[in-house]
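Asker: Sequence:
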Amino acid sequence: MKLHHRHDWNLSPSEAVALQQELRSEVISDRPIDLDRIELVAGVDVSVKNEQSQAAIVVMTYPGFLPVETVLAQRPTPFPYVPGLLSFREGPVLEEAFEKLKTVPDVFLFDGMGIAHPRRIGIASHMGLWLQRPTVGCGKTLLCGRYKDLAEEKGSAAPLIDRKETIGVALRTRTAKNPMFISPGHLADIPTATELVLRCSPKYRLPEPIRLAHNAAGQFSP
DNA sequence: GCGACAG
DNA sequence: ATCTTGTCGC
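Using my numbering, read the first sequence as starting at 3 and increasing by one per residue.
Worth flagging that the hints you see were computed from the coordinates, not collected in a lab.
On a predicted model such as this, the values are computed, not experimentally measured, just so you know.
Positions of the beta carbon are idealized from the N, C-alpha and C atoms, including for glycine.
Careful: at least some of the hints might be erroneous.
What the hints assert, rightly or not - With a straight-line Cα cutoff of 20 Å, these simulated PhoX-like cross-link-like pairs (lysine-lysine) come out:
hint	residue 1	residue 2
1	K156	K142
2	K102	K4
3	K179	K150
4	K102	K156
5	K205	K142
6	K142	K102
7	K166	K150
8	K179	K156
9	K205	K166
Stated by the list, open to error - FRET-style restraints, in silico, Cβ to Cβ:
hint	residue 1	residue 2	range
10	K166	E98	18 to 26 Å
11	K51	V84	15 to 23 Å
12	K104	E167	25 to 33 Å
13	G157	P80	21 to 29 Å
14	K156	H6	31 to 39 Å
15	P224	A160	39 to 47 Å
16	G157	Y83	28 to 36 Å
17	P80	S223	17 to 25 Å
Input sequences plus hints: build the corresponding full structure.
Answerer: This is how it looks when you write it as C-alpha cells:
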C-alpha cells in the first residue's frame with residue numbers, strides 16, 4: 003500500500019513525546035466512518051519474541067469476514083515498551099508490513115489505542131496519519147481515562163472520559179466479558195468506530211480482523 | 001511527591 | 001507483550 007512517510011522512527015523517548023505533540027493536531031477524530039460503504043476491513047497486530055517483532059495485517063471482507071490477504075513483516079524490536087510511546091516500538095515493523103499490502107482496506111482496526119491516549123495520539127491515530135485512511139483503536143486494557151460501570155450485555159457501552167474530555171468508549175463485545183476500549187484513530191469518530199467494532203465482533207471479544215492478525219503475528223518462522 | 005501505565 | 005498445563009464451563 004502507498005504510505006505517506008511522515009518522519010524517521012529512531013528517536014529518543016523525549017523526542018518521541020515532542021513529535022507526538024506536533025502530530026496530534028493533524029489527527030481527525032470527528033469524522034464519521036461511512037459504514038454503508040465498507041467492503042474490506044483490516045486487522046493489525048504485532049507480536050514480540052526474542053528481540054524480534056513480527057507484524058501481521060489481515061484483510062477481510064465485510065460483513066462476511068472472509069480473509070482475502072495476509073501479510074507479515076519481521077524486524078528487530080527497536081524501542082522499549084514505554085506506556086504512551088507504543089507506536090515507536092511497533093511503527094517500524096508495521097511500516098514494512100503496510101508496504102507489502104496489495105489490497106486497500108476501507109478501514110484498519112488496531113490492537114491499541116487511538117485518541118484514548120495521554121496526548122491523544124495512540125498507535126491507531128499515529129499510523130492513520132501514515133495511511134491516510136480511517137483507523138480505529140481497540141485496546142484490551144485501559145491506558146488513560148475513566149468510565150462508569152456498564153451493563154453485562156453485549157453491546158453495552160460507557161463513555162471513556164479523561165480530563166473532562168470524551169476520548170472513546172468502554173464497549174462490551176461479549177456478554178459478561180471485560181469490555182474493549184474503543185477510540186477513533188484517524189478519519190473516524192466515536193459513534194461509528196464503536197458501531198463498526200461491534201459489527202466486527204460476531205463471536206469473540208476481539209474483533210475478527212484483529213483476532214486473526216493476532217494469531218498470524220504470533221506465528222514466528224523457525 | 002504519588003499513583004497509573006496500550007502492547 | 002511474554003513466561004506456561006491443566007482445567008472449569010458453555
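Asker: Hint by hint, say whether it matches the structure.
Answerer: Here is how each hint holds up against the structure:
1. K156 with K142: 15 Å, holds
2. K102 with K4: Holds, at roughly 9 Å.
3. K179 with K150: Holds, because 16 Å separates the two Cα atoms, which is no more than 20 Å.
4. K102 with K156: Measuring from Cα to Cα gives roughly 36 Å; hence the hint is violated.
5. K205 with K142: 16 Å, holds
6. K142 with K102: Violated: K142 and K102 sit about 27 Å apart, past 20 Å.
7. K166 with K150: 14 Å, holds
8. K179 with K156: 8 Å, holds
9. K205 with K166: 34 Å, violated
10. K166 with E98: 18 to 26 Å: 39 Å, violated
11. K51 with V84: 15 to 23 Å: Holds: the Cβ-Cβ distance is about 19 Å, inside 15 to 23 Å.
12. K104 with E167: 25 to 33 Å: 38 Å, violated
13. G157 with P80: 21 to 29 Å: This hint is violated: roughly 39 Å between Cβ atoms.
14. K156 with H6: 31 to 39 Å: This hint holds: roughly 36 Å between Cβ atoms.
15. P224 with A160: 39 to 47 Å: Check passed, 44 Å falls within 39 to 47 Å.
16. G157 with Y83: 28 to 36 Å: Given a distance of about 32 Å, which is inside 28 to 36 Å, the answer is holds.
17. P80 with S223: 17 to 25 Å: With a Cβ separation near 20 Å, P80 and S223 satisfy 17 to 25 Å, so the hint holds.
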